[in-house]
Structures are given as structure tokens and as C-alpha cells.
Amino acid sequence: MSMERFPPPSPPTAARWWLRFVLRKASHEVIAGDLEEEFATEIVPRLGTTKARRWFWRQAILSVLACLRPPSSPPQELLRRGDHPMDIFLQNLRFGLRMLRKSPTFTLAAVLTLSLGIGASIAIFSAVHSFLLKPLPYAEPEELVFALGWDEERGRMRFSLSFADFVDLRARTETFEDLAGYRYWSANLTGGEHPERVQAYQMTSNAFDLLGVEPSFGRTFAVQEGGAGGDKVVVLSHALWQRRFAAAEGILGQEILLDGTPHTVVGIMPPHFAFPLMNFKGELWVPLTDDPQTVRANGGGSAAVVVVGRLRDAAALAQAQAELSKEMSLLAEEFPETNAGIGVRVFQIHEMLTRDFRPALWALMVAVGLVLLLVCANVANLLLGRAVERRRELAVRNALGAGTGRLVGQMLTESWLLAFFGGALGVAVAYGMLRVLRASLPSMVYKVMPTYGALELDFMALGFALVAVLVTGTVCGLGPALRAARSDLRGELGEGGPAGSPGARRARWTLAVGQVGLSSMLLVSTVFLARSVQNLLQVDTGFEEQGVLALSVSLAGERYAEAEAVRQFFDQVEQRVGGLPGVEAVGWVNTLPFSTSESWRSFAFEGRPESEPGKEPRARYRVASPGYFDALGIKRLRGRVLAPEDRANSVPVALVDRTFVERFLPEGEALGLRVRVGPTATWHEIVGVVESVRHTQLTEGEEPSIYVPLEQQPRMKMTLALRSTSPPLTLVDSIRREVQAVDPGQPIFQITTLESLVAESHLAQTAAMLLMAVFAGFALALTALGLYGVLAYMVSQGTREIGLRMALGAGFSQVLSGVLREALGMVVAGTVLGLAGAWGVSKLFTSLLYGLTSENLGTYLLALPFLALVAFLACVVPALRAVRIDPVVALRAE
Amino acid sequence: MRTHLGEFEQLLLFALLRLDDRAYGVTIRREIEERTGRGISAGAVYTAMERLEHRGFVSSRLGEPVRVRGGRRRRFYRLEPAGLECLRRSQLAIERMREGLEAYLEIP
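Note that the protein sequences, when read in sequence, are chains X and L. The opening residue of the first sequence carries number 1 in the numbering used here; numbering runs sequentially from there. The opening residue of the second sequence carries number 895 in the numbering used here; numbering runs sequentially from there.
These are computed hints drawn from the structure, not numbers from a lab. Among the clues, some could well be false.
Claimed, not checked - To give an idea of the interface, some chain X residues facing chain L are shown, with a C-beta separation under 8 Å as derived from the structure:
hint, residue
1, Ser27
2, Val30
3, Asp34
4, Thr41
5, Val64
6, Asp231
Claimed, not checked - Each pair of labels, with its calculated beta carbon distance range:
hint, chain 1, residue 1, chain 2, residue 2, range
7, X, Leu47, L, Ala976, 33 to 41 Å
8, L, Ile988, X, Val471, 55 to 63 Å
9, X, Glu42, L, Ile988, 25 to 33 Å
10, L, Glu958, X, Glu42, 16 to 24 Å
11, L, Gln985, X, Lys102, 56 to 64 Å
12, X, Pro7, L, Ser954, 27 to 35 Å
13, L, Ser954, X, Leu47, 23 to 31 Å
14, X, Pro12, L, Gln985, 54 to 62 Å
We put the beta carbon where it would ideally sit given N, CA and C, even for glycine.
Next up, chain L with everything else stripped away, as it sits in the complex (with noise of 0.2 Å):
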């Protein structure tokens, strides 16, 4: 099992971790688009949360039929905390190569 995660989806985690028990779809992607700039496709997110889950690192459940989707249910994703344990693992790994170098990036 790989032990670390792509960028995007360090930045999904950090998304649940934010929405906590209110994140699916379009929350998820709404909270990135707003806190990063990047658009992303609703396909995109799910692709990468069902290799998520798969991995363990989420866990999903299926919601109440909603109206406005057209009577489909929502989706809705939770850390797990070997995810959280990943996340954190990734974030080390990459504060460990920063270190020192913070004057080239111009990181506060």
C-alpha cells in the first residue's frame, strides 16, 4: 500500500477535515476552489475519494434523496484516521525538504 498521497488529494483531506460531517461533492470542491483557486470537476473529486476510500483512508455514506439533485442522494465522506495519519506523514515529508529553502519561495 503506498504510503503517501498525491497533492490533490492531501488537499481533499484537508477539505474533510475543514467540513467535518457536512462534506460531500460540492462542498468539498466548493471549499478548494475558494481557499486554493483551482477548479475541479465533480468527476475528478470522485474518482480520487473512491480511491480514497479504497485505500482506507475515508469513509463514505449515502445521505437522504435531496430535491434539488433531482431526488439523488449525497454522498458524504468522513476521515479516517489512517488518512489523517497519511496526511500527516505526506505534510512531514515535504516540511523536511522545505526546510531552509523558505527564502527561495518567499514563505513568510
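Chain X extracted, bound-state conformation (with noise of 0.2 Å):
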């Protein structure tokens, strides 16, 4: 009977490859065979095959490792050493490192070139990854959406639903695991030495549920504490404890007083947990304490909240707003006279909140790619230029039988040591970039944008600068090796080559153009971004923003339940404030023009028939008092502005906006109209028109706006607004002062001018701008370096020719019209292909564009003149060197 013998187990040839590499052949025989022997012969039938050869794994790895510790004197060599690769790799660093040394300029100008470059590409890459790519600190946040209200009629985002809505929807759905609302809340908070506004948001209970996220201390809402009716309890954030309250752990059970009343601490949440993200980031949460029954049977209107949810499956995000599409409109018919024309739209969390900055972070990352490319070509023509010096040494070791791999091996290890200290500089250079920028960002980001907190370098970073440096290494160091590798030894070794082998210069030209190429582009990419902030900064605001302060203060508790006290507290605090030396003007609004609150309402005029629920029109609502209007400088167009006669027991007025007036009152006459706004049953009449304003955005287009009087409308939260001739920031401490002159436990927030408030709305583009004039300005530079490199190698290389050229009697200018033709051979190159180039590029920030789009022709022509610039700068050494050459010397010299 034959009997097939199995073969018989095998340790793992990972493990005896590895042992092969690292193990110098004498004791690789003794320690692979003793562990070969072991194996077959006495763990295999001991363990079985699977443990048998874990166990050779482990004792390959401890056995080297074993080697490896230092021995007694004298050193024992039992690692590799000859013609192992990992031994010709330490011997071409450090050979590497001693060329290196041997010319520092060189090697300092490369280093420096990278650093700036490999840094750069560091630094917006942790931009990207903090702003963009950093995950949501909820649980499971891709599942984490908002559904907003949306305005069906006009297109528009409404934000908020109401309560009501959302009892129905959150009862109704199947695709949600849970909806949540929160409303905007702040509040005074007192007891303590001093009253402080804190920003607050009311959330219904089960919100802390649906986000998934532990308090770190005590607990979250209660189902019972929303609704109302429900106790007063409040949760705070982890920066608000640590700041009011000391970080003391006795804070939970104890009472702090919100507007005036007593709510029980019942919870803190972690360090890194932030809600909501957008607008102002909550510093403490109390419920929501709407009762749906009551909030439907008044009209529903009011109780307005931010609709969060979590699905049950993340991918059926079309699905979800299907089915909350399908029960808003079924809503609609149920309810008109609220709910006709109202939708929801809903969004990915994390998806809506990058959407402003995401285009300009991509283009960035181009730029910097770009800028990247740049320098490896820069370095790239430097070690070209090396390289053929270095012709004949690595002519010479070609013949003594080096090898071409061994030559490729020796200039790659090179460009990567220069890429490998570039990139060590470069994180350096990114840290600084990045101070600079977290610096540089106004206050209001961080309180805004939500996963901006931590904008340094992680591990996400630097393991990025690792790959950067590889494939820098890699680039530059590819034209070099290639040439070293063709290096024939007769053409090198031969007497006075031609001017340079034409393959190295072709390649430095080919690189020279590349850069003007490159250059170009970044170029024109900041010319368009330049000229989208100025138009930006062309945009008439209708207001004058220069020397506006503006603060908040918002009124609560028993002292101002009544109307009159309201009133008589905002008038109190204007007369004072207007008191102040260096004040020009003052006034109140209710929402300040950039600040990211907003009114709407609808309104109806007096005597036209009354719109159909949903198709009323609607306009900015703003309560205003008179002196606002000169406060922000704000032109009466026609009529009077409002007045201080305009009081509670006067007749009720108003005022309408340019815009108000173009497209309700097209061809009538506005002063006199009555119009109702609102659900109240006051007509007002229209006393005035005055120029139209921008709320939000530069960008957006106009809309119509009513002005009410303060004294006719009062409200509990109102804008201050001042315009002086001193710095608006150096009276922030005299009209605190008169505000508690008035109520001394009243608070001022929101401090800030409006001038900030208008930049910061066009923060994306000035950032871009900016950031990508420096670099173009790099690569400016940097071009002209390489420009310069060719032309300098040229003539030099050349010199014997010119010298010849000028003893037959060339002139002066015939040389130098010839190192300019070359120059503008390069440029005229580079340019050409890096305007096509820059024409693609431009489609990807075309969001970011304003004023222009990507197609004008002008932006193109704009960059030209610096390139022209960049050229004649380079040419300037070459070309007076050229001209310079004494024929005699250049003919006899070789």
C-alpha cells in the first residue's frame, strides 16, 4: 500500500524571512537551525502545527532582539553587515550625511525650501482634518441630523419648527429613533459677585439621551422635568462649572438662580462635550417646559424650537425626509391657518456645519499641493544641479561596478535625508502656522464653530508629515536618480562636455516651467480671491460700521413684568449712555444688522384683502428706538425717522425700507399706509422710509424690513447700539457702569463692534485670500529661484560659446537679447500652461467667488505683470554675468 506522506509542518516563511535579513550568516545557521530543529522535533508534536508556529514567531523576534542588546567588549557583529540591503541603506545615509555636510548651502537652501513647503502642507492639513474630518463628539454622530423648518412658498429656511410640530412628527415617525428640540434660552445668572449673562438652552428631556452622551457628574434631564410643570432643574457644562463654580464637585443638588429663579443643579457634563454646535455653544441646559396642548390651541406660532434627531439607520436620509415631508403636509391640511406652506428639510449635523468653510479648506489643500509641487521641483532642479557636478564621481563608481540600483539607491537615500530634515523643520513651521492662525480668528469663531477647538497638531498630523516626507523625498529625488543611473563613464569623464548633457538641462528647463506653471496658478487664484473680497468690501450696507459699538442686555424677572418699567429701563439706560463724552449717537434695535439673530413676521396693509394662511407676506421685523438710526447712520429716504414723540400713548407708527417699499408699494405712495405686523391688532401707520440695510450676509440680496418704536413695542432683549468718536471698545467699561446705575444686577453681553461683526460675515474669503497670497508670494519666490538656477546654469555651462560668440564680434546686447529669450521662452511657457491649469483649479472655489466668476478673462491678465517681474528678477545675475565674460579667459580656460 502507498501511503502518501503529508508534508510535514512548516514554521512560517514570514518569520525565517525575516531571520535570513536581519542575522549575519554564521549565527543565522546556528540560531534559524536550532529553531527548525526545535520546532520539528519537539513543539509541533508538543503544541500542534497552529501554536507550534506562534511559538517559532516569537522566538524569531526575541532571539534578534536578543542580538540586538549591547554586548561586552569587544563588539560581537552577529547583525548584517556587506552587501545586505538594509546595510547598503546605512551605508548610503550615512555617506548621505557626509555629502550633506560637505556643502552646506546647498543642503541648508534645500532644507529651508522644504520646510516651508512640507510645514505649510502640515499645517492646512490640520485645519482640514480639524474642521472637517473630526468626528462630532456624540455618539454614533453620522446618524445625527436636523430636520429645519422650511419656508415651501419662498424657498427659504425657516430653522426653527413649532413645539407642536414637533410633538406630532417625533409621535408620528418611524425612520427617527427619537427627535429632540432645543430653543435658544440665555439668561442672567446671579447669586455670586457678580450677575453674569450666561448663554442657555432650554431641550427637551430626552435630547442628552438622543445625542448618547454620559454627564460626567450626577445626571441628565428626567422624562417628568420637561413639560410643564416640571421641576427646575438644570445640567452645566463642563467650562461654565470650572469658571463660576471652581470645579467643586458640592455644586450637584445645589440651587443657582436663572433670571431670577432657583434651579437645582442636577448634572455636569464632560470636557468635550459641546451643544448645540452651531450659533453660541450652551454653557448650561435647563428643559423645555412647553405643554403641547396649550402651545396648539394658541395658534402654535410662537413656541418656536430646533428640531434634532437621531435615525435609525444612517443611510436613510432620504427616506427620513420623505416621511417627515409627507407629515408636515399632512400637518399643513390639518392645521392652515399655522401650518399652510411650511416643510421641513433635513440635514447630516455634521454635513451642515462645514458646508461654509468647506470650500475654502479644499482649495487650500490645492494650493498647498500646489505650493508642495513647487518645492519639490525647486529642490528636484537643485539636485539636478548637484548631481552633474557630481558627474564624474558617480561616473567613476558606475565603472568600479557599483550598479545602477545602488547608484538610484544612493541619490534617493539623499533627497530623502533633506526630506526627512525638511519635514522635521516643517513641524516646527506648522506649529508657529497654526498659532498664527488660532491667533488670528476672530473670538466669535470659537464660540461659533464647533469642532474648531483644537486646531494643532495630532497624530493625524504628523503622521501626515511622515508621508509627505516620503513622497517629497521620493519626487525630488527621482530626476537626480535617474540621472545617476544613466551616467555613462566616457561622456562624463571626457574633456569639456558640451553645455551640460542636454538631458540634465532639458529636465532643469522642464522644471523651471513647471514652476512658472505652478506659480501662475497660485497666482491667479489669489487675484481672483483678492478681487471677491474687495467686491465683497464694495457691497453697500446701508449703515455706516466704522466706530459702532454694540452690546445686548436682555431683561427678566419680577422687576419687568410690567410694560412701563421696561420701557422706562431702555430709556433710562439711552439717556445715559448718550450722556457719555465722545457718544454721537445711540439707540436700541432688537436684532443688531450681522449678528445672528433675526425677526420675521408677516404683516398685512389696511385695506387690501387679507392673504390666504401661509401667503401672507412677510418682512424683517425690528423694534427700534429713534436714536438707532443715527447710531448706525442709516439714510431717511422719505418721510421722518421715528422720534422720541412716538410714545406709548401716541399714535401707532412705523417705518418701512427702500426694498419694503419696491416690492409691496411699487407704483403707491407708502407714508400714510397702515399696516397690521404680527398677530397684534394695532395699525400702524408709515411715517417714513429709510435706506435699506444688509442682516446677514454681504452676498445676500435684499429684503424688506418694518421698524416699529421701542416705546410702542417693548421687549425684554434689547441691542444697544453706539456710534462715538473715540475707539467703541474703551466705553465698555463707563456704560456698564450706567447700565447698573440703573438695575445693578443687569449684565451686558455680547460686546463686540460692528465693523467685526460685517468682517467676520466674509471670514472664509479674507482667510482664503490671505493665506493663499502668502503662498503665492512663496512661490513667487521660489520661482524666482529656479528661474534664476537654469539661467545661471545655462550661461555658466555656456560660457565658452558666449566667449567665442563675442570674440566674432557679437555685442553686448546680442548676448544679452539671448539669456533673455531664454528667460522668456520659460516664462512664456510656464505661463501658458499654468493659466490653462489655473482655469481648471478655478471651478473648485467658484463658491467662493463673489462679484466675478471664473471666467473673467481680466483676473487672468492681472497676474501677469508679477510673472514678468518674477522673470526679469531672475534674469538680472545671468544676464549681466553673460555680457560680463571675457572671451579671452572663457576661450582659454577649460
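Dock chain one against chain two, each of which comes alone in its own frame, and use the hints as you go.
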């Protein structure tokens, strides 16, 4: 009977290769031999094949580690030496280091250039990662969405939904695991040394559970605490707890006063938790106490909440959208007075938050990529230059049998070394850049951008740095490496070769052209962004933002239960502040332009037929005191502005703006008409028309506004706007004093200048432009260097030829024009390529552009003068040198 | 030249004494593992033996190629007189330090 012998189990191949690679021949024979013998005779029978193989791996690794331990003198060589790949690498490393040390200027230039390029790319990567890629601080954030109200008629975002709608949606939905709602609240926190205004939010009791974050201490809301009649409890944020309550654990169970009402502290959230992520970050959270029944009965409109939800299935966004839209249209049929024309839009939270910044950041990444390419081109150029200088050395080594592979390896090792040092320095550069970035972004961004928190170097950034180093090193080293591979002994060692080997010359020419192209792409992008920003800055906002200070006050509590008390407060503060030195005008308004809040009301004209519910005309609703218009510099167009005579007991009046008239009263006269704003019964007479004012974005279209006097429609939360001759922020303390003279318990908050608010509105474009300009400047500098390098090389190589020509009668101008022609050739070729590339790239950031499209030819042409300047600068020295060649010397020397 | 041996080196030399002319990597490791329960790697044995050989305490020779080792040869080790002497001295040093303290170590 023939028995087939199964092949005996063998040790893992990888482990055997590992041993063979690392160990020297002699030690390998013994150690590997021992291990294989023991494996076959002892371990496999004892432990079985699988465990035996694991044993073998362990033994292989441990044995090598044992060999690495420093032996007693004299040192034993157990690890490979000689012509092993690992060892060759080490030799190359040592040789490369020596070569770099020998030419310090070259090394310095290359390392510095690389550090700037790699550093910039690390910094931008960190920004992209921090803004766009970091996950939100909730459980399974990809399932979290916003369900935001949508105006179907006008195709516009309404943002919040009514609480009643929220309750109905929550009950009826199947695609959502749960829905929660929240509302911005903001309250006065008193008790303690000074009153403080906190950014607070009212949340439904299930909100924390929906987000899936556990508190650090205590608990979050219980179900019974939501709804009317629930206990007054509060959950604190980590930051507030640290800042105001000194992180004392005893605060749990204590009461704090919010707008005068005691709330019991039941929980404290962990440091990384932030909610909501849009608008102001919450410092504390209280339960929402709306009662669905009463809200529905009262016409639903006022009790609005922002709805967030968790999908059962993160991929089912479309189904969720469809389901909610269907529910909303059913609600519109059920309750036409309140819900007609109101729809809903579902967005993934993360996507919504990053939307504004995404194009800018991607544009920056592309720009940085270009800069890195440019840096590589420059360094490759430098390396090529050195490779040509070393051609004899390389040729000799080749002849002596070094082999192409060896030489290529040598060249690559040197460029990797440069890239490594450049990268190490680049990390420092990136660190510095990020610090500057953090400091220069306005503080508003900290409050409003969620994942912004840490714009720092983290492990991801370092990992990216490593990749950048490897890629850069390889790209830079390829040229010289291939050059080295082709070094031919005879050609190189022969005396006085032609004007440089044509291959090298062509390569360097190509690199220079490439540099010009990349620079022009960056230049064009910069000009585009610069013109956009310029257009933005020229937009007429309708007011004058210079020298205007703004701050907010929010009244609450028993003291202000009566409307008259509210009026008196605002009136007295306005009087007092108006009397401060340097104050030109002061007034109150309910929402300041370019602040993050907004207020719309529907309205009706007297004498016109009532509109269908849901189709009423709407306008921005502004409550202002008379001084507001002077404070902001809003022009009066017709009639009069609000006056102190418009009091609670006089005729109700209103102002409208130009857009209002254009849209709703195109032929007719506005003055004298009466409007009813919102659900009130009061008819206001229009007594004047003012200039329209931009509110949210410089880029938005104009929207109609209605102004009513503060005296006639008092509100609890108002913003003070103040125009002063002295720098606005210097007045803050005096104003605070005056406010607290009227009411000691009243904090002022959201202190800012109108100028900074407007600047923040075009933050993305401005920041992108500035960074792009920096990159472009850097690129131009590198390009100039690159061009210079090629031209200088050409001149030095062609010295003999030039000398010959001059001896034969060529004049200065001819030599000069020769050099210039060469330079022009490179610039033209590069520019053409670059502009074509810019055409394509500009599509990427069309969304950042304002007032011009990416087709705008003039912008492309604006880049040309800069390139011409660069070309000229690069030419100067080589041209002068060419002209000063002494023909006698040139012909003699060799 | 150092005149004392580390603990591991002493174990190796004892193993050589026991194994006589059968002492090579595999047998040495097996001997030490069985008697002391300590697991040591092949590399550790090899490096230590190299050092001992360099100091003249041990000598080695290569054997014949062996199939089960993939055709590789075994390296056999032998204790040299100098090594034996050093081992003796090291053990004496320990004994003198240990004198009178057996109770603490509960050594019979």
C-alpha cells in the first residue's frame, strides 16, 4: 500500500525571511537551525501546528532582540553587514550625511525650502482635519440630523419648527429613533459676586439621551422634568462649572438663580461635550417646559424649537426626508392657519456645520499641494544641479561596479535625508503657522465653530507629515536618481563636454517651466480671491459700520413684569449713555445687522384683502428707539424717522425701508398707509422710508424691513448700538457702569463692534485670500530662484560658446538678448500652462467668488505683471554675468 | 577580564557540564527549561555562548549538516578549564554571601 506522506508542518515563511534578512550568516545558521530543529522535533508534537508556528514567531523576534543587546567588549557583529539591503541603506545614509555636510549652503537652502513647503501642508492638513474630518462629540454622529423648518413658498430656510409640530412629528415618525428639540434661551445667572449672562438652551428631556453622551457627574434630565410643571433643574457645561463654580463637586444638588428663578443643579457634562454646535455653545441646559396642548391652542407660531433627530439607519436620509415632508404636509392640511406652506428639510449635522468652510478649505489644500509640488521642483532642480557636478564621481563609481541600483539608491537616500530634515523643521513651521492662525481668527469663531476647538498638531498631522516627507523625498530624488542611472563613463570623463548634457539641461528647463506654471496658478487664484474680497468690501451695507459699538441686555424677572418698567429701563440707559463723552448717537434695536439673530413677521395692509394663511407677505421685524438710525448711519429717504414723541399713548407708527416699498408698493405711496404686523391688532401708520440694510451676508439679496418704535412695542432683549468718536471698545466700562446704575443686577453681553461683525461675515473668503496670497508670494520667490538657477547654469555652461561669439564680434546687446530670450521662453511656456491649469482649478472655488465668475479674463491677465517681474529679477544676475564674460578668459579656460 | 559570571551564564555552563558532548543550542535550552522552568530564546543562548567563547570559558565546533535543520550544521559547545574555574569561583562567592542566611530562603 503506498502511503502518501503529508508534508511535514513548516515554520512560518515570513519569520524565516525575517531571520535571514537580519542575521549574519554565521549566527543565522546556528539560530535558525536550532529553531527549525526544535520546531520539528519538539514543539509541533507537543503543541500542535498552529501553536508551534506562533512559538516560532515569538522565538524569531526574541532571538533578534537578544542579539541586539549591547554585548561586552569587543562588540560582536551578529547582525548583517556587507551587501545586504539593510546594510547598504545604512551605508548610503552615512555617505549621504557626509555629502550634505560637505555642501552646507545647498543643504541649508534645500532644507529650508522643504520645511516651508512641508510645514505649510501640515498646517493646512491640520486645519482641514480639525474642521472637516473630526467626528462630532456624540455617539454615532453620522446618524444625527437636523430637521429644520422650510418655507415652501419662498424656498427659504425657517430654521425652527413649532413645538406642536415637533411633538406630532416625534409621535408619528418611524424612520427616526427619536427626535429632540431645543431653543436658545440665554439667561442672567445671579448669586455670587457678579451677575453673568450665560448662553443657555432649553432642551426636551430626551435630548441628552438622543445625543448619547453621559454626564461626568450627576445625571441629565428625567422625563417628568420636561413639560409644564416639571421641576426646575439645570445641567452645567464643564467650562462653566470650572469657571464660575471652581469645579466644586458640591455644586450638585445646589440651587442657582437663572433670571431670578432657582434651578437645582443635577448634572455636569464632560469637557469635550458641546451642544448645540451651531450658534453659541451652550453653557448650561434646562428642560423645555412647553405644553403641547396649550401651544397648539394658541396658534402654534410662537413656541419654536430647533429639531435634531437620530436616524435608525444613517443611510436612510432620503427616506427620513420623505417621511417628514409627508407628515408636514398632513399637518398643513390639518391646521391650515398655522402650518400652511411650512415644510421641513433634513440635513446631516456634520454636513451642515462644515458647509460654509468646505470650499475654502479644499481650495487651500489644492493650493498647498501646488506649493509642495513647487518646492519639490525647486529642490529637484537643486539636486539635479549637484548631480551634474558629481557626474564624474558617479561615473567612476559606476565604472567600478557600483551598479545602477546602488547609485539610484544613493541618490534617493540623499533626497530622503533632505526631506526628513525638511519635514522635521516643517513640523516646527506648522506649529508656528497654527499658532498664528489660532490667534488671528476672531474669537467669534471659537464660540460658533464647534470642532474648531483644537487647531493643533495631533497624531494625524504627524502621520501626514511622515507621508509628505516620503513622497517629497521620492519625487525630488527621482530626477537625480535617473540621471545617476544613466551616467556613462566616457561621456562624463571626457574633457569639456558640451553645454551640459542635454538631458540635464532639458530636465532643468522643464522644471523651471513647471515652476512658472504652478506659480501662475497660485497667482491667478490669489487675484480671484482678492477681487472677490474687494467686491465684498465695496458692497453697500446701508449703514456705516466704523466706530459703532454694540452690546446686548436682556431683562427678566419680577421687576420687569410691567411694560412700563421695561420702557423706563431702556429709556434711562439710553439717556445716560448718550450723555457720556464721545458718544455721538445711541439707540436700541432688537436685532443688529450681521448678528446671528433674525426676526421676521408677517404683516397686512389696511384696506387690502386678507391673504391666505401661509401666503401672507413677510418682512423683517425691527423694534428700535429713535437714536438707532443715527447710531448706525441709516439714511432717511422719505418722511421722517422714529422720534421721541412716538410714545406708548400716541399714534402707533412704523418705518419701512426702500426694499419694502419696491417690493410691496411699487406704484403707490407708502406714507400714510397703515400696516398690521404679526398677530397683533394694532395698525401702525407708515411715517417714513429709510435706506435698506444688509443683515446676514454681504452677498445676500435685499429683504424688506419694518421698524416700529421701542416705546410702542417694548421687548425684553435689546441691543444697544452706539456711535462714538473715540475707539468704541474703550467705552465699555463706562457703559456698564451706567447700565448698572439703572439696575445693578443687569449684565451686558455680546459686546462687539459692528465693524468686526461685518468682517466676520466674510471670514472664509478673507482668510482664504490671505493664505493664498502668502502661498503665491512664496511660490513666486521659489520660481524666481528656480529660473535663476537654470539661467545661471546655462550661462556657466555656455561660457565658452558665449566667449567665442563675443570674440567673433557679438556685442553686449546680442548676448543679453540671448539670455533674455531664454528666460522669456520659459516664462511664456510656463504661463500658458499655468493659466490653463488655473482655468481648471478655479472651478473648485467658484463658491468663494463674489462679483465675478471664474471666466473673468481680466483676472488672468492681472497675474502677468507679477510673472514678468519674477522673470526679470531672475534674469538680472545671469544676464550681467553673461555680458561680462571676457572672451579671452573663456576661450582659454577649460 | 571579568572574573565573574552572570546568573544566566552560570546556568549555561552548568548545562554544558551536564550535557557533556551533546551540548548545542537545542539541548542547552531544553535542559535549562526543564530544570529551571525559565524560557530563553535561541538568540539569547547564542549571544551568551559567543561572549563566553570570546572570553575563553567555552569552545565550540561545527557539526555535520542535518536534514531537520534544513541542511544547517549544529554548533557544539564544550566547557573549558577556565570556564569551570570561573564557575567555581562564582558559586563560592554566592555561598559565602549566603552563609547563615539559609533560614530566610528556606533552603534545606
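Check: Which numbered hints does this structure break?
Finding: Of the numbered hints, 6, 14 do not hold.
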